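S.K.: Just so you know, the sequences run in chain order A, B and C. Quick note on our numbering: the first sequence kicks off at 6 and runs consecutively. Quick note on our numbering: the second sequence kicks off at -11 and runs consecutively. Quick note on our numbering: the third sequence kicks off at -9 and runs consecutively.
Hints in this document: simulated from the structure, not taken from any laboratory. Treat each hint with caution, since some may be false.
[What the hints assert, rightly or not] 27 Å max Cα-Cα, derived DSSO-like pairs, lysine-lysine:
(1) A:LYS98 - B:LYS177
(2) A:LYS292 - B:LYS119
(3) A:LYS98 - A:LYS190
(4) C:LYS13 - C:LYS45
(5) A:LYS191 - A:LYS15
(6) C:LYS121 - C:LYS43
(7) A:LYS191 - C:LYS121
(8) A:LYS277 - A:LYS26
(9) A:LYS277 - A:LYS15
(10) A:LYS190 - C:LYS45
(11) A:LYS191 - A:LYS26
(12) A:LYS292 - B:LYS43
(13) B:LYS188 - C:LYS120
(14) A:LYS190 - B:LYS43
(15) A:LYS292 - A:LYS277
(16) C:LYS43 - B:LYS188
(17) A:LYS423 - C:LYS121
(18) A:LYS292 - B:LYS188
(19) A:LYS15 - A:LYS98
(20) A:LYS191 - C:LYS120
(21) A:LYS423 - A:LYS26
(22) A:LYS191 - A:LYS423
(23) A:LYS274 - A:LYS98
(24) A:LYS292 - A:LYS26
(25) A:LYS26 - A:LYS274
(26) A:LYS277 - A:LYS190
(27) B:LYS43 - A:LYS98
(28) A:LYS15 - A:LYS26
(29) A:LYS98 - A:LYS292
(30) C:LYS43 - C:LYS15
(31) C:LYS15 - B:LYS188
(32) A:LYS15 - A:LYS190
(33) B:LYS177 - B:LYS43
(34) A:LYS190 - C:LYS121
[As the list claims (entries may be wrong)] Simulated restraints, written as ranges between beta carbons of each label pair:
(35) C:THR24 - B:ILE276: 44 to 50 Å
(36) C:ARG46 - B:GLN224: 54 to 60 Å
(37) B:GLN224 - A:ILE275: 54 to 60 Å
[As the list claims (entries may be wrong)] Here are some chain B residues pointing at chain C (derived, C-beta under 8 Å):
(38) THR145
(39) PHE146
(40) ILE215
Only a predicted model underlies this, so the values are computations on that prediction, with no experimental measurement involved. Quick reminder that beta carbons are idealized off the backbone N, C-alpha and C, glycines included.
Each chain, written out:
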Amino acid sequence: MASPRACFEKLEVDVLAAMGKPSLGFLVALAISATCFVVGLGLWGYQMLFGMGVAGIRHPVGWGVYITDFVFWVGIAHSGTLISAVLFLFRAKFRSRFNRSAEAMTIFAVMTAGLFPLIHLGRSWFAYWLFPYPNQRELWVNFRSPLVWDVFAVSTYLTVSAVFFFVGLVPDLAVVRARAVGIRKKLYAAFSLGWVGSAKQWVHYNQLYIFLAALATPLVISVHSVVSWDFAMSIVPGWHTTIFAPYFVAGAIFSGCAMVLTLMIPMRKILKLEDHISISHFESIAKILLFTSLIVSYAYVIEFALAFYSGHTFEIAHFTYRLLGDYWYLYALMVFCNVLLPLTLFARSLRRSLTFLFVMSIFVNIGMWLERFVIIVTSLAKEYDPYSWGTYVPSMVEVGITVGSFGLFFTLFLIFTKMLPVLAITEVKETAL
Amino acid sequence: MTRSTNIPAIAGGVLFVLLAFFTSDASVLPALLMVAAVLQGLYALAAAAHLAEGKWILPARNTILSLHPLLLWLPIAFLAYSSNISIYGWTEHQTFWLSTPFFIARNVVMLLITWALAFSFSRAALAGSEKAGVLAVLYAFAFVFNQSFIAFDWVMTFDYPWISTLFGGYFFIEAMFLGLAALSFMAQKLITLGKAERGKTFMDVSTFIFGWSLLWAGQLFAQFLVIWYGNIPEEQLFLVRRIVDAPLRQLAICVPLFLFVIPFSTLLSRAAKASNAVMTVIASLVFIGVFIERLLFIIPVAEMNPFVVVLALVALGGPVANALWRGVTEDGASEAA
Amino acid sequence: MNDTERRVDRRWEFEDEHEFLEKLKALVDQGTPTDLLDVITPVPVPATEEILKMKRSPLRFFTLAGALSGLSLGFAFTIFTVFDWPLITGGKPLISLPPFIVIAFALTILLGSLASFAGFLILGRMPSIKKIQEPIEHDNMFIILLEGEAAQ
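Sequences are here, hints too, so could you generate the full structure?
M.R.: Here it is as structure tokens:
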């Protein structure tokens, strides 16, 4: 059997090879996603110039695609923290193949999500009003509002995820520094903070990692609960329901795991990391996908069942509208993608087919985006008063900005694959010992 | 299960059935809720550990898997309890879903299915068969739906037309919480018998309880916050009846105190997680806290006789405690941690 | 204090972590003072802590301090603001604890994490300008360093 050193060297060479000179394919992908982002940015500028009317948001549906995108991207972020923190506490070894990329995905997703409240504000230059600071208006922010809880929860989430990501990177940056030359060496040396790997440093490092994991775990549950309370704190039928917190958290992990699969299945092939990420590792992610899909399905069933059980006119009317009303086809597609399709993962052969998992992950992403859209729009389209019923159609500006957000996310992720090791080298070495 | 566990179980079960028939109020319900939660929760933990290939449960696993005969008592106990079904207000204006025969039938069937799956899972797991994985998944489904039915049917219908979609989830999280508390007691005994290691099984269970208390608190808060914030009269009445006036107010404060504040703050320390004395107190508080909460659900809406409540708890819960105690003592086939 | 900047007299390098641990144990058993010994490893080797009789990291005090200050700050700030400009919104009481719990929870986690990170930097003596300019590499070897004149 090869010595640990030989295994370590091979791992380093394989992972760091990905950080070499960009190929044509990489540059094309980067160009496409960057273009999408720039177009989205331009459309945002257009919206700032001409006002929110260029978006499709009207009375009564005052929240549309922008809020859908916000919840969608925050949800995607959660899976990264689950893989990093929660699976660490459960001592699941397979996590070391995914956690670096998943954590990067988390940070980029939260950054992307954070843009949407700004976009949705319209007058984005007043965004600082959301932060509590002493001002001559003698007005503090309304801490009783779920939107302010969002500010705190999502900012905390971004900060803690960034710290967690960086801390995990420190030994790996030392690895990159050892093999780099010139100015790159100096940069990586600076960011690795002079990491040596002495016994004392490892002791403090391990403690820090455990505590960050322990702190990040309640964050996984609380952040998306807070986001769900943006809706649940209202008294709108379809929104005002107690199950929203765990339902949204499960949905977030569900969509996040799907995005991990979407990113890492091609990445493994393109960067030739087949030796280091096996099909069994992907199977473990597929199992989490299946489990969270079941929780989401349970929530769908319970919501419907209890609405009809309660005999409340408005609850029954709303859920009938969701199933059979203006947006019935979106609801049907959503149920297919989130409930029915993942059931196929009970079959072991399908769990172990990377092509199948990749295709499924795309469908799940679509399904989860639709779920947020359906929840938001159907509840607002038909509230209590028939006089104020209406519908909503996203405008091209909203569609363009949504595409732009995907552009931003993939641009950041592509840049990440070139600048930082996509596998947690040190952690994989540890599991190999 | 052996003679030493079967006889108390039958005696206790008969006593419970007699109590249910000779009372016409909700007195036997808290006991039924608690025992259903502990038994099904323990099995759920065993099933989850089986699927996740967790080793922490192994010393106690065989004991848990031998509990299925007690699960068979649940449908019988429920049938006896349903002799008092007129305590539910909806029996006076019955609908399709809330009609007496359908209500009784679906709950008995659900309890029987859960028992059957627990039984099959136990057999497969003890034999080391590959089917155990599939049966563990099926049991998990049954557990989730059964606890949800218990929550929505047995408890929530008292407050009809009040609904809380989280209620089912809340009950099965509490069921697993009770299972963990029971496991903590079992782990203590297993260590003195040399069948488990403090550093592994006991610490793992303590850590689980630590994390689970936070998870539970999150669910309590989620339900409370939505009702409090919306302030809708139909929903609010559920809380107002239970947390505004003394003495229920003081009892209600005990619930998050016993189930979250004390366990979480105490178990921050590693030494506390490893200590028998601390874990005895905390596990006991978990049982007491959940029991108080179940009482709180019922007190404002149905009559109960305190003496019968306690007697029913002893009748149905005593054999469970006995089976767990004897199980860890007599079980020679446990695998070490 | 173990500090790899001190004068190093003896150095052993191993490719295999078992040989590394054996040598370390042998050195300690021979009576080498543990504060003269240090190791550099590419991955954490848990047995090292036992052999070198290292104390538990005091990082947890940083975490606790940060978390408690986050908790207090969360409540203190929210309660202060509602008294500073009392405005009733949504019919909720002035000091509405449920929303304030959410804010305090977020700040607990935020300050707990930041304090832990700061503690790590302080306790691990990072960033170290000297080690950034002249990095010490392990080259995937498990290294034992012994300083002092009385090298065994």
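S.K.: None of the hints should be skipped; say for each whether it holds.
M.R.: Structure-based check of all given hints:
Restraint check: the Cα-Cα separation between LYS98 of chain A and LYS177 of chain B comes to about 31 Å, which exceeds 27 Å; the hinted pair is violated. Of the pairs offered as hints, the one joining LYS292 of chain A and LYS119 of chain B holds, with about 18 Å between alpha carbons and a cut-off of 27 Å not exceeded. For the given pair, LYS98 of chain A sits about 31 Å from LYS190 of chain A by alpha-carbon distance, which is inconsistent with the 27 Å threshold. Of the pairs offered as hints, the one joining LYS13 of chain C and LYS45 of chain C holds, with about 21 Å between alpha carbons and a cut-off of 27 Å not exceeded.
Taken as a hint, the LYS191 of chain A and LYS15 of chain A pair is honoured in the structure, with Cα atoms around 24 Å apart against an allowance of 27 Å. Note on LYS121 of chain C and LYS43 of chain C: the hinted pairing holds, with a Cα-Cα distance of about 26 Å set against a maximum of 27 Å. Distance check on the hinted pair: LYS191 of chain A and LYS121 of chain C sit about 11 Å apart at the alpha-carbon level, within 27 Å; holds. Restraint check for LYS277 of chain A and LYS26 of chain A: the C-alpha separation of about 15 Å stays at or below 27 Å, so the hint holds.
Straight-line distance between C-alpha atoms of LYS277 of chain A and LYS15 of chain A comes to about 13 Å, which keeps the hinted pair within the 27 Å bound. A C-alpha spacing of about 34 Å is found between LYS190 of chain A and LYS45 of chain C, which places the hinted pair above 27 Å, so the restraint is violated. Proposed proximity of LYS191 of chain A and LYS26 of chain A is supported: the alpha carbons are some 19 Å apart, at most 27 Å. Taking the CA atoms of LYS292 of chain A and LYS43 of chain B, the gap is about 19 Å. The hint holds against a cut of 27 Å.
At most 27 Å may separate the alpha-carbon atoms for a hinted pair to count; LYS188 of chain B and LYS120 of chain C exceed this at roughly 42 Å. With a CA separation close to 44 Å, the supplied pair LYS190 of chain A and LYS43 of chain B exceeds the 27 Å bound. Distance restraint check for LYS292 of chain A and LYS277 of chain A: the Cα-Cα separation of roughly 24 Å lies within the 27 Å cut-off, and the hinted pair is therefore satisfied. Note on LYS43 of chain C and LYS188 of chain B: the hinted pairing holds, with a Cα-Cα distance of about 22 Å set against a maximum of 27 Å.
Of the pairs offered as hints, the one joining LYS423 of chain A and LYS121 of chain C holds, with about 25 Å between alpha carbons and a cut-off of 27 Å not exceeded. At most 27 Å may separate the alpha-carbon atoms for a hinted pair to count; LYS292 of chain A and LYS188 of chain B meet this at roughly 26 Å. Pair hint LYS15 of chain A plus LYS98 of chain A holds up; C-alpha atoms about 20 Å apart against a cutoff of 27 Å. Distance check on the hinted pair: LYS191 of chain A and LYS120 of chain C sit about 12 Å apart at the alpha-carbon level, within 27 Å; holds.
Pair hint LYS423 of chain A plus LYS26 of chain A holds up; C-alpha atoms about 8 Å apart against a cutoff of 27 Å. Taking the CA atoms of LYS191 of chain A and LYS423 of chain A, the gap is near 17 Å; set against the 27 Å cutoff, the hint holds. Distance check on the hinted pair: LYS274 of chain A and LYS98 of chain A sit about 22 Å apart at the alpha-carbon level, within 27 Å; holds. For the suggested pair LYS292 of chain A and LYS26 of chain A, the alpha carbons sit about 36 Å apart, so the restraint of at most 27 Å is broken.
Between LYS26 of chain A and LYS274 of chain A the alpha-carbon distance is near 17 Å, which keeps this suggested pair within the 27 Å criterion. Distance restraint check for LYS277 of chain A and LYS190 of chain A: the Cα-Cα separation of roughly 24 Å lies within the 27 Å cut-off, and the hinted pair is therefore satisfied. Our distance criterion of 27 Å between C-alpha atoms is met by LYS43 of chain B and LYS98 of chain A, whose separation comes to about 14 Å. A threshold of 27 Å between alpha carbons decides the hint, and for LYS15 of chain A with LYS26 of chain A the separation of about 19 Å falls inside it, so the pair holds.
For the hint linking LYS98 of chain A to LYS292 of chain A, the alpha-carbon distance of about 15 Å falls within 27 Å, and the restraint holds. Taking the CA atoms of LYS43 of chain C and LYS15 of chain C, the gap is about 11 Å. The hint holds against a cut of 27 Å. Taken as a hint, the LYS15 of chain C and LYS188 of chain B pair is honoured in the structure, with Cα atoms around 26 Å apart against an allowance of 27 Å. At roughly 20 Å between alpha-carbon atoms, LYS15 of chain A and LYS190 of chain A fall within 27 Å of each other, so this suggested pair holds.
Between LYS177 of chain B and LYS43 of chain B the CA atoms are separated by roughly 18 Å; this keeps the pair inside 27 Å, and the hint holds. A threshold of 27 Å between alpha carbons decides the hint, and for LYS190 of chain A with LYS121 of chain C the separation of about 13 Å falls inside it, so the pair holds. A hinted range of 44 to 50 Å for the beta carbons of THR24 of chain C and ILE276 of chain B is consistent with their spacing of about 48 Å. Evaluation of the 54 to 60 Å hint for ARG46 of chain C and GLN224 of chain B yields a failure: the beta carbon distance comes to about 49 Å.
Restraint check, GLN224 of chain B to ILE275 of chain A: a C-beta distance of roughly 56 Å satisfies the suggested window 54 to 60 Å. With its C-beta approaching chain C no nearer than about 27 Å, THR145 of chain B sits outside the 8 Å limit, and its interface hint is violated. Against a cut-off of 8 Å between C-beta atoms, the interface hint on PHE146 of chain B is violated, since the closest Cβ of chain C lies about 25 Å away. A cut of 8 Å between beta carbons decides the hint on ILE215 of chain B: the least distance to chain C is about 10 Å, and the hint is violated.
Going down the numbered hints, you'll see the structure goes against 1, 3, 10, 13, 14, 24, 36, 38, 39 and 40, while the others check out.
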